[in-house]
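**Student:** Sequence:
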Amino acid sequence: MRLVCESVGHRYGSLDVLDGIGLTVADGECVAVVGPSGCGKSTLLGIMGGLVEPAAGRVYFEGTAPAGSLNPITYVFQDFALLPWRSVAANVSLALEHHPLDAREREARVADALARTGLGEFRDAFPKQLSGGMRQRVGIARALAVSPAILLMDEPLSALDAQTRELLMEDFLALWLAARTTSVYVTHNLHEALRLADRICVLSRRPGRIKQIVAVGIPQAERAASAAAREMSILADRLWAAVREEAIDAEREIAHG
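Read left to right, the sequence shown gives residues 13 to 269 (the working numbering).
Derived by calculation from the structure, the hints in this document are not laboratory data.
We treat Cβ as the ideally placed atom computed from N, Cα and C, and that holds for glycine.
One thing to keep in mind: the hints can contain errors.
Ranges between beta-carbon positions, derived for each pair [said to hold, decoys possible]: (1) ALA233 with GLY130: 18 to 24 Å; (2) ALA248 with GLU133: 36 to 42 Å; (3) ALA171 with ARG98: 37 to 43 Å; (4) HIS203 with ASP91: 35 to 41 Å.
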């Protein structure tokens, strides 16, 4: 499915948050959204997913969901959003419980999602027994269980330490390359954006407007190779140049405001 944002704007009271966002995410594409703190990245993601009604413009979808898709749109959040009294398998199954599935199909979907995220042997564990990276894997497995047509991710790795973030990013990339689910990935981390996305949408300071869209022409599977290092470094410098000054201004605004 294709996701289209058409002249999207939003405000909270008198505070303008987003203005004139026009963005199309193609079928099977991963687009990262970056920008300074407070520029409206998470608000934009909420509008894309129907959690927030835009003050202006609209979001719509084109095409049909893939076979077996139960939810057209699914989120992966920063805070894992797991129920502590449920096991790993029961947390993943939660996403399926309002769908008319028989017990066999529900169990098959849960088992498949756990296997794909390396959680099969942890199905009976509880969230408090897991590391942060493992808990986020449960959140990803829960999203995979419904076979979404569009995956929306709100800084899913930002709560993790650097080593765990790197490992989970590689795992997520492998999952995404296998399924090619249309995805929007909100992050503050430019390295994550460059590693995962086909294109990177840079938003300006509030009200967030599209300042630049950076295409990453190197296939994701080749970006970590030494042959791609120079081009990836050039792209990183370009991306940092696009966000640096406004990121400094936003930090000062937060510190003094």
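**Student:** To test your reading of the hints: which numbers does this structure violate?
**Tutor:** 3, 4
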